[in-house]
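As they're listed, the protein sequences go chains A and B. Heads up: the first sequence begins at 9 in our numbering, then just goes up one per residue. Heads up: the second sequence begins at 9 in our numbering, then just goes up one per residue.
There could be a bad hint or two in this list.
Heads up, the list lumps identical chains together, so a pair's fine if it works in one copy or across two of them.
[As the list claims (entries may be wrong)] Distance condition first, Cα-Cα at most 30 Å in a straight line; then the derived DSS-like pairs of lysine-lysine:
no., residue 1, residue 2
1, Lys-176, Lys-502
2, Lys-306, Lys-145
3, Lys-501, Lys-33
4, Lys-523, Lys-16
5, Lys-306, Lys-506
6, Lys-501, Lys-203
7, Lys-364, Lys-33
8, Lys-33, Lys-502
9, Lys-506, Lys-533
10, Lys-123, Lys-506
11, Lys-203, Lys-81
12, Lys-176, Lys-81
13, Lys-176, Lys-145
14, Lys-40, Lys-533
15, Lys-203, Lys-176
16, Lys-518, Lys-203
17, Lys-246, Lys-203
18, Lys-230, Lys-176
19, Lys-502, Lys-53
20, Lys-302, Lys-131
21, Lys-518, Lys-506
22, Lys-33, Lys-231
23, Lys-123, Lys-523
24, Lys-533, Lys-230
25, Lys-203, Lys-302
26, Lys-533, Lys-302
27, Lys-123, Lys-501
28, Lys-16, Lys-506
Derived by calculation from the structure, the hints in this document are not laboratory data.
There are 2 protein chains.
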Amino acid sequence: MTAFRHLKSVIRLNELAEDPYDLTKEGAVTPKRIDSMLSEAVGFKLFYAMERVSEITLSTLSELAEEVEAVKKMAEMQNGEIVNFISGHESENRPALHTAMRDFFESRNTSAHAKQASELAYKECEKLRAFLNEVEKKDQFTTMIQIGIGGSELGPKAVYLALEAFCKPQRCVHFLSNVDPDDGAHIFHQIDLEKTLVVVVSKSGSTLETLTNEQYAREKFKKSGLNPKNHFLAVTGKGSPMDDPQNYAASFYIWDSIGGRYSATSMVGGVILAFALGMDRFLEFLRGANAMDKIALKADPKANLPLLSALLGIWNRNFLTLPTTAIIPYSQALSRFPAHLQQLDMESNGKRINKKGQFVDFDTGPIVWGEPGTNGQHSFYQSIHQGTTVVPLELIGFRESQYYDDIEFQATTCQEKLLANLFAQSIALAIGQHNDNPNQFFPGNRPNRILFGSRLDPYTMGALLAYYEHKVVFQGFIWNINSFDQEGVQLGKKLALKIIDQFASLNQGKSLDLKGFQLGAAYLKQIEFID
Amino acid sequence: MTAFRHLKSVIRLNELAEDPYDLTKEGAVTPKRIDSMLSEAVGFKLFYAMERVSEITLSTLSELAEEVEAVKKMAEMQNGEIVNFISGHESENRPALHTAMRDFFESRNTSAHAKQASELAYKECEKLRAFLNEVEKKDQFTTMIQIGIGGSELGPKAVYLALEAFCKPQRCVHFLSNVDPDDGAHIFHQIDLEKTLVVVVSKSGSTLETLTNEQYAREKFKKSGLNPKNHFLAVTGKGSPMDDPQNYAASFYIWDSIGGRYSATSMVGGVILAFALGMDRFLEFLRGANAMDKIALKADPKANLPLLSALLGIWNRNFLTLPTTAIIPYSQALSRFPAHLQQLDMESNGKRINKKGQFVDFDTGPIVWGEPGTNGQHSFYQSIHQGTTVVPLELIGFRESQYYDDIEFQATTCQEKLLANLFAQSIALAIGQHNDNPNQFFPGNRPNRILFGSRLDPYTMGALLAYYEHKVVFQGFIWNINSFDQEGVQLGKKLALKIIDQFASLNQGKSLDLKGFQLGAAYLKQIEFID
Numbered sequence: 009m010t011a012f013r014h015l016k017s018v019i020r021l022n023e024l025a026e027d028p029y030d031l032t033k034e035g036a037v038t039p040k041r042i043d044s045m046l047s048e049a050v051g052f053k054l055f056y057a058m059e060r061v062s063e064i065t066l067s068t069l070s071e072l073a074e075e076v077e078a079v080k081k082m083a084e085m086q087n088g089e090i091v092n093f094i095s096g097h098e099s100e101n102r103p104a105l106h107t108a109m110r111d112f113f114e115s116r117n118t119s120a121h122a123k124q125a126s127e128l129a130y131k132e133c134e135k136l137r138a139f140l141n142e143v144e145k146k147d148q149f150t151t152m153i154q155i156g157i158g159g160s161e162l163g164p165k166a167v168y169l170a171l172e173a174f175c176k177p178q179r180c181v182h183f184l185s186n187v188d189p190d191d192g193a194h195i196f197h198q199i200d201l202e203k204t205l206v207v208v209v210s211k212s213g214s215t216l217e218t219l220t221n222e223q224y225a226r227e228k229f230k231k232s233g234l235n236p237k238n239h240f241l242a243v244t245g246k247g248s249p250m251d252d253p254q255n256y257a258a259s260f261y262i263w264d265s266i267g268g269r270y271s272a273t274s275m276v277g278g279v280i281l282a283f284a285l286g287m288d289r290f291l292e293f294l295r296g297a298n299a300m301d302k303i304a305l306k307a308d309p310k311a312n313l314p315l316l317s318a319l320l321g322i323w324n325r326n327f328l329t330l331p332t333t334a335i336i337p338y339s340q341a342l343s344r345f346p347a348h349l350q351q352l353d354m355e356s357n358g359k360r361i362n363k364k365g366q367f368v369d370f371d372t373g374p375i376v377w378g379e380p381g382t383n384g385q386h387s388f389y390q391s392i393h394q395g396t397t398v399v400p401l402e403l404i405g406f407r408e409s410q411y412y413d414d415i416e417f418q419a420t421t422c423q424e425k426l427l428a429n430l431f432a433q434s435i436a437l438a439i440g441q442h443n444d445n446p447n448q449f450f451p452g453n454r455p456n457r458i459l460f461g462s463r464l465d466p467y468t469m470g471a472l473l474a475y476y477e478h479k480v481v482f483q484g485f486i487w488n489i490n491s492f493d494q495e496g497v498q499l500g501k502k503l504a505l506k507i508i509d510q511f512a513s514l515n516q517g518k519s520l521d522l523k524g525f526q527l528g529a530a531y532l533k534q535i536e537f538i539d
Numbered sequence: 009m010t011a012f013r014h015l016k017s018v019i020r021l022n023e024l025a026e027d028p029y030d031l032t033k034e035g036a037v038t039p040k041r042i043d044s045m046l047s048e049a050v051g052f053k054l055f056y057a058m059e060r061v062s063e064i065t066l067s068t069l070s071e072l073a074e075e076v077e078a079v080k081k082m083a084e085m086q087n088g089e090i091v092n093f094i095s096g097h098e099s100e101n102r103p104a105l106h107t108a109m110r111d112f113f114e115s116r117n118t119s120a121h122a123k124q125a126s127e128l129a130y131k132e133c134e135k136l137r138a139f140l141n142e143v144e145k146k147d148q149f150t151t152m153i154q155i156g157i158g159g160s161e162l163g164p165k166a167v168y169l170a171l172e173a174f175c176k177p178q179r180c181v182h183f184l185s186n187v188d189p190d191d192g193a194h195i196f197h198q199i200d201l202e203k204t205l206v207v208v209v210s211k212s213g214s215t216l217e218t219l220t221n222e223q224y225a226r227e228k229f230k231k232s233g234l235n236p237k238n239h240f241l242a243v244t245g246k247g248s249p250m251d252d253p254q255n256y257a258a259s260f261y262i263w264d265s266i267g268g269r270y271s272a273t274s275m276v277g278g279v280i281l282a283f284a285l286g287m288d289r290f291l292e293f294l295r296g297a298n299a300m301d302k303i304a305l306k307a308d309p310k311a312n313l314p315l316l317s318a319l320l321g322i323w324n325r326n327f328l329t330l331p332t333t334a335i336i337p338y339s340q341a342l343s344r345f346p347a348h349l350q351q352l353d354m355e356s357n358g359k360r361i362n363k364k365g366q367f368v369d370f371d372t373g374p375i376v377w378g379e380p381g382t383n384g385q386h387s388f389y390q391s392i393h394q395g396t397t398v399v400p401l402e403l404i405g406f407r408e409s410q411y412y413d414d415i416e417f418q419a420t421t422c423q424e425k426l427l428a429n430l431f432a433q434s435i436a437l438a439i440g441q442h443n444d445n446p447n448q449f450f451p452g453n454r455p456n457r458i459l460f461g462s463r464l465d466p467y468t469m470g471a472l473l474a475y476y477e478h479k480v481v482f483q484g485f486i487w488n489i490n491s492f493d494q495e496g497v498q499l500g501k502k503l504a505l506k507i508i509d510q511f512a513s514l515n516q517g518k519s520l521d522l523k524g525f526q527l528g529a530a531y532l533k534q535i536e537f538i539d
């Protein structure tokens, strides 16, 4: 594959970027532009009239997708081919089969690998349904704590909060992730252990934070005279140290081909979401994700929403050279969705080598961040409108509220006010404002797009999650980087273990070996653990 | 004042930035460097050996502070001189007296303006103490909902979560900010109205979201047969439409000289924090902030922690040209503190004109974001270590936990594991790692500093809050921009009102005036409100 910078379409896009579409010009943004720069799928509309693109930019971006065979690679991924690799170097060398975790509905993938993965995943769903039916019958458990970190927390928690309005009554869930003992203390100070199930989530069964927090939680149960075995569940790889009926009331399986940040639709999200929402709503969530998976296979970017979004993101990142992207849901229920997307994007595409193991000479994944609107408007929007660093926005909105509990105040509802703000910001950021008072001058040309759905429900949330999974993966395909590994987290882990060893020696009354990890010792000395 | 780019120190810093200190070189980072690049105040140590600075860089940064008279301007601000202005143009033209809100302790400011502001603020504290004593006696109220947005939510909520471990038993608080009706519905579905006080916070009494949510809340009380007047409190300007004993059980005052994002130590944070923590702990929080205010007046940057941090930030932003800053507390209790700092920094310094009304030709406030560690390590740290955009980190840590509820697991406590990770990341990011496998190559030179305290308690939290307030203000002084206004939020508001009017006409059965705000109408048409 030709390196990114030498692709024909990339050379052309670099030329186009010298004079990008100027949204602030008289007549540049019209109702007609809004009507025509619009794609639809799975009940969502993607509005992109406020991006700095012309029709020529868009067709050249399409050529980019074709040149790198982005959709063919998406099909290969969904078929279970090996996509997680770096050639010529030791690497994980495996497929990325998260789409198989929800391929239980219409027109299933028929390739052998994908089919087998789906069948195994469906078995876990059936096991989970049976288990939850027992829980229902017993009527003992009202609370579930998920112990897990990274993808074992962020995705499931974001989805749980997004769908809290659809929870079963009297079900309450918590997520324990941080090795900070105050995280656990805060949760355990407010729950009734007898009514509590704990799901421990770790594919390898070896994540430091998760093992530590599991131990922390088990001691709470023991101290209360309860047998942890009756309260603890495992979500782990088959045959891992955690796959042990001596210690857990049940085990649910995940597989090497499911990366943590892509695991919300597997048992990693499944156990806690199905406990909270009920199994049928969890399946609706999977159905929505599956519907978006099919959209990601469409050849035409205008019909393929995640691909279109990926291409617009690449335009902003590599050609307009914008270093960050903010994701702003105009929906309070999506308050933690940006944190999930931050992991999904930055851990997948925050890379500096391509799949051939060569250092790249272009920018990869941006810094992703965000908070809900309208809240953000009263916080960082000052900088978004008038700051010196331009931030492209991905806005998310829904026509209807979740609770249908609204009032009319000064002739409009809360929901209408929310939407008015969403659309007004999209327009204001694009067109700006001239003014003789320099403090009231708005430069405009702040690119943004809106993903708009009818209502945030389990099906919609599934589709939304998959939309972003595929957007990120498409960008990785286009850059020819491996979006499925995370070697960049290893060095910190390695050095942390050295300092943990230093703490351990001190705890055993030994003096610190200052010739060992000297820099660690220097910090420890300063915080007065040693003299 | 000489424009930023023409300052002597800035010219020198630009030269130094051509060859910044290389942390990855053999012998560049030593225990000695850690010991010497360290400042202390108010129980905090600021470690900055992992910044890309030499002693010459540091002394030139000191010269920059002197050249712009940063500390003199801080004194002027604390004395109540007018610092919120743009000369030659209409502007707010007022002092910024948030430090006076907590100047009740040793060596008080004696300037007339500051003194008067402190006296007024203290009166409100006394009023609040009396009010809360009555609440205590009555024993009716266990829950408080704060309705406010921007600074009326982010700071108070971040501080509340930081200090939840110190809350009075059986006190529960919520924050309602978003105009999204699901934000209110979610809160009101879980509380007992009879036991609930609602504090409405708006300086002007005219914030759209806050007025709407107040109405939303009042209707809940009315529907339950309760008189809202007995449950509602106002935090507002004296004489504002909300300062009305007909509608509120009590009013607490704030003043024009207190900007929303600087208001957590005023009654904006005071009512809800004192309700949750008790008045004495709230005063401890103010005492900590006040102690840091004094530190901000020290001439030597090595003794003036917020100034030192501001200068290091400017080195990273303007000379190493890094567009974002991540704030990573290794403390789960500080989970929402980065969101507060995002507003504080980006709304204060995300500006494009200087105080003379001229467009600046350099970068102002960075994009600020962050999540707690160790969680971030399992999320975006891949990109922090190996991504193509370098992100400087501000790390925060504490020697002790809040709950003192910890376990020993594999020879170390959770708290020790947490700290080991903090220090290990600081070192790993700076020094990097060479490796023949390109995927295991870490470029290093990722600048970071650590602010380290003994334990996160009310006093420490006050100092931490003020540290960041002053850091941001110092950067504004150095850039000569106005850190106290927010004109950049006006355009979006203006266009939102136009679309709200369009919704209102539709609700009244009128057809949409397509000649009116055409772009708004185009969006509305697409979401099927009109045909």
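Verification of the hints:
| no. | hint | result |
| --- | --- | --- |
| 1 | Lys-176 <-> Lys-502 | neither (43 Å within a copy, 41 Å between copies) |
| 2 | Lys-306 <-> Lys-145 | neither (44 Å within a copy, 67 Å between copies) |
| 3 | Lys-501 <-> Lys-33 | between (51 Å within a copy, 22 Å between copies) |
| 4 | Lys-523 <-> Lys-16 | neither (55 Å within a copy, 43 Å between copies) |
| 5 | Lys-306 <-> Lys-506 | neither (49 Å within a copy, 38 Å between copies) |
| 6 | Lys-501 <-> Lys-203 | neither (35 Å within a copy, 48 Å between copies) |
| 7 | Lys-364 <-> Lys-33 | between (43 Å within a copy, 28 Å between copies) |
| 8 | Lys-33 <-> Lys-502 | between (54 Å within a copy, 20 Å between copies) |
| 9 | Lys-506 <-> Lys-533 | within (15 Å within a copy, 61 Å between copies) |
| 10 | Lys-123 <-> Lys-506 | neither (44 Å within a copy, 53 Å between copies) |
| 11 | Lys-203 <-> Lys-81 | neither (47 Å within a copy, 58 Å between copies) |
| 12 | Lys-176 <-> Lys-81 | neither (39 Å within a copy, 57 Å between copies) |
| 13 | Lys-176 <-> Lys-145 | within (15 Å within a copy, 38 Å between copies) |
| 14 | Lys-40 <-> Lys-533 | between (66 Å within a copy, 12 Å between copies) |
| 15 | Lys-203 <-> Lys-176 | both (15 Å within a copy, 25 Å between copies) |
| 16 | Lys-518 <-> Lys-203 | neither (43 Å within a copy, 55 Å between copies) |
| 17 | Lys-246 <-> Lys-203 | within (27 Å within a copy, 50 Å between copies) |
| 18 | Lys-230 <-> Lys-176 | both (29 Å within a copy, 28 Å between copies) |
| 19 | Lys-502 <-> Lys-53 | between (45 Å within a copy, 25 Å between copies) |
| 20 | Lys-302 <-> Lys-131 | within (22 Å within a copy, 64 Å between copies) |
| 21 | Lys-518 <-> Lys-506 | within (15 Å within a copy, 71 Å between copies) |
| 22 | Lys-33 <-> Lys-231 | neither (69 Å within a copy, 51 Å between copies) |
| 23 | Lys-123 <-> Lys-523 | neither (55 Å within a copy, 55 Å between copies) |
| 24 | Lys-533 <-> Lys-230 | neither (36 Å within a copy, 61 Å between copies) |
| 25 | Lys-203 <-> Lys-302 | neither (40 Å within a copy, 51 Å between copies) |
| 26 | Lys-533 <-> Lys-302 | between (57 Å within a copy, 28 Å between copies) |
| 27 | Lys-123 <-> Lys-501 | neither (36 Å within a copy, 52 Å between copies) |
| 28 | Lys-16 <-> Lys-506 | neither (48 Å within a copy, 44 Å between copies) |
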